[in-house]
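Engineer: So you can see what is in the structure, the chains are spelled out below.
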Amino acid sequence: MRVAVLSGKGGTGKTLVTVNLAAVAAPSVYVDCDVEEPNGHLFFKPGQVQEEPVTVLIPHVDPAACTGCRKCVEFCNFNALAYASGKLIVFDDICHSCGGCVLVCPEGALSEKDKAIGCVQRGTADRVEVYTGILNTGEATGIPIIHRLLEQSSLEEPLHSDSEQQPRRADGEATFIDCPPGSACIVMESIKDADYCILVAEPTIFGMHNLRMVHELVTLFEKPFGVVLNKCLEGENPSEVYCVERGIKILSRIPFDHELGALNSDAKIVANESDVYRDAFRTLLETVKEEVGHEAAAHS
Amino acid sequence: MKQLLILSGKGGTGKTTIASAFIKLAAAKAYADCDVDAPNLHLIMGWTSEPERSDYCGLPQAVIDPDLCTACDLCRQHCRFDAIETGDVYRVQPFSCEGCGVCEYVCPAGAARMIPAVAGELMLYRDSGQVFSTAQLAMGSGTSGLLVTEVKKQMKSGAGDVDLAIIDGSPGIGCPVIASLSGVDMVLIVAEPSVSGISDMERIIRTAAAFEVEAVVCVNKSDTNLSNTKKIEAFCAEHGLPFVGNIPFDPRAVEAINDGKTVVDIECISGTAVRSVYKETMKLLLEEEVN
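Residue numbers (the numbering used here), protein chains in the order written: chain A, 1 to 300; chain B, 1 to 291.
Next up, chain A with everything else stripped away, as it sits in the complex (with noise of 0.2 Å):
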């Protein structure tokens, strides 16, 4: 079961359901792929943890045999390359590693090389594998690091044994994803295999504004979700009522608490750190369960 956690807008809640969901699921995959802010590991503090660089492909230029004819600076459509004072300059940030100047290159001065954006981590907690994408800052894009953090989280072995306590499927434990806030590609790699979505809403015009958005972006993809209503405060909630309108499936309600607030502020997996919590969770993740066997159930 691959579950991805999303919201549209940010700060409304994701790496909490994610990280409890996969605390009280352990053993389970934790797997955080805003790279840009990754936090979850903030709150696992996980041990033995192994890092790998993640690179990209750009290209590096030979001065001897460029001749300046400029066909690589007209094929590239991100404008990453220039021909200024005699000499080929490359713009590492811009550049999508598409690897096209090196095709249009008659001289064969273009080859190409590595340059690290980030890095992948893996690492334990409590039985949960975590994995941690975190994108060098100053970099554009982190969906390679999104790339290699969803294929070494799925194509690994589970670290752990079975377990008692949780009926598994057979293809592995629970994975949770944390995926970035908004709804552009890089939220679409990190759901695009993920077998159901949460997404997390808050209480605001803000937060039905961009429910909406991811509940678009769900649709399209076809995926099967529902929503956890956290921050409940007294009085209306914009988001609730966009879900009751539109009988979306409502997973569970989280209150707007400060003791909750204190406990996740500082880092603490509030699952672990009192009975209501857990309780909270371990019920969130029996829905979700459900949900996603009544899913299987309807396509098999």
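Just so you know, the hints here were simulated from the structure itself, not pulled from any lab data. Since we're looking at a predicted model, the values are computed, not measured. Just to be clear, a hint being listed does not mean it is correct.
[Unchecked claim] Footprint (simulated), chain B over chain A, 3 or more residues, beta carbon under 8 Å: (1) 70 to 81; (2) 175 to 186; (3) 212 to 218.
Quick reminder that beta carbons are idealized off the backbone N, C-alpha and C, glycines included.
Use these hints to put chain B onto chain A, whose structure you have.
Structural biologist: Just chain B, lined up with the frame of chain A:
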């Protein structure tokens, strides 16, 4: 034109809440929402008129003409983005295509072609006194940095020669944030007093520094974790970053937003705090001008 950009690294710290209040307090003649992935500023700025809309074409997208395709597989082998799907026919998965044009170049049959693609919509609200530039990126599109640049361009050309522009940014540190940083005079970073918030704040501060934009910091929801708020203040002091104030958590702020109002439109503690943050920030932004 002095441009003030509001960023946070972490999402949901209150960028738009603070940007909207600043726009009101400054009676800004030009402002923009650069969070093109999830724009929200238009929800509370109270424009009743319809904006001028225009399509945003990002990079072109590849298509394969099945009648010309000989299934030679060269496009798939050369595509670095795994955007070529094979099956009954070769086709391009539009969400994966980044528009590089390599498939068109390698196709010996002329079957792969690049065509213009609409990747979002630009909107410009304007009346006699103000312009507001915003946009919405199409679902799953990948060129948010370029669209951010267009939003800022549209704001500048629409506003002409005004003193001040306020720009609401996006979360993260990647391409839309980098695009929004270009040409601004100062960044106000809205931090949150959580371990996550501090980690994200440090990353956005490093990003702003890499592009040589001066940053000042405020803390929102400061009373939700006082010891973390102290840590942020200490971090700023240690790194020589001006600290422009704390804004307490305020349920009235949520009510104001849901009413389509900014926090300075009603009497509330967060509104009072934002006024003071505004004063401090403007003082520093204008000092800049003197130098």
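Engineer: Could you run down the list of hints and mark each one as holding or not?
Structural biologist: Results for each hint:
1. Residues of the stretch 70 to 81 of chain A lying with their CB closer than 8 Å to a CB of chain B number 3, which satisfies the three-residue condition for coverage.
2. Note: the stretch 175 to 186 of chain A has 7 residues with beta-carbon separation from chain B under 8 Å; the three-residue rule is met and the coverage holds.
3. Residues of the stretch 212 to 218 of chain A lying with their CB closer than 8 Å to a CB of chain B number 3, which satisfies the three-residue condition for coverage.
Violation of the numbered hints given earlier is absent; every hint is satisfied by the structure.
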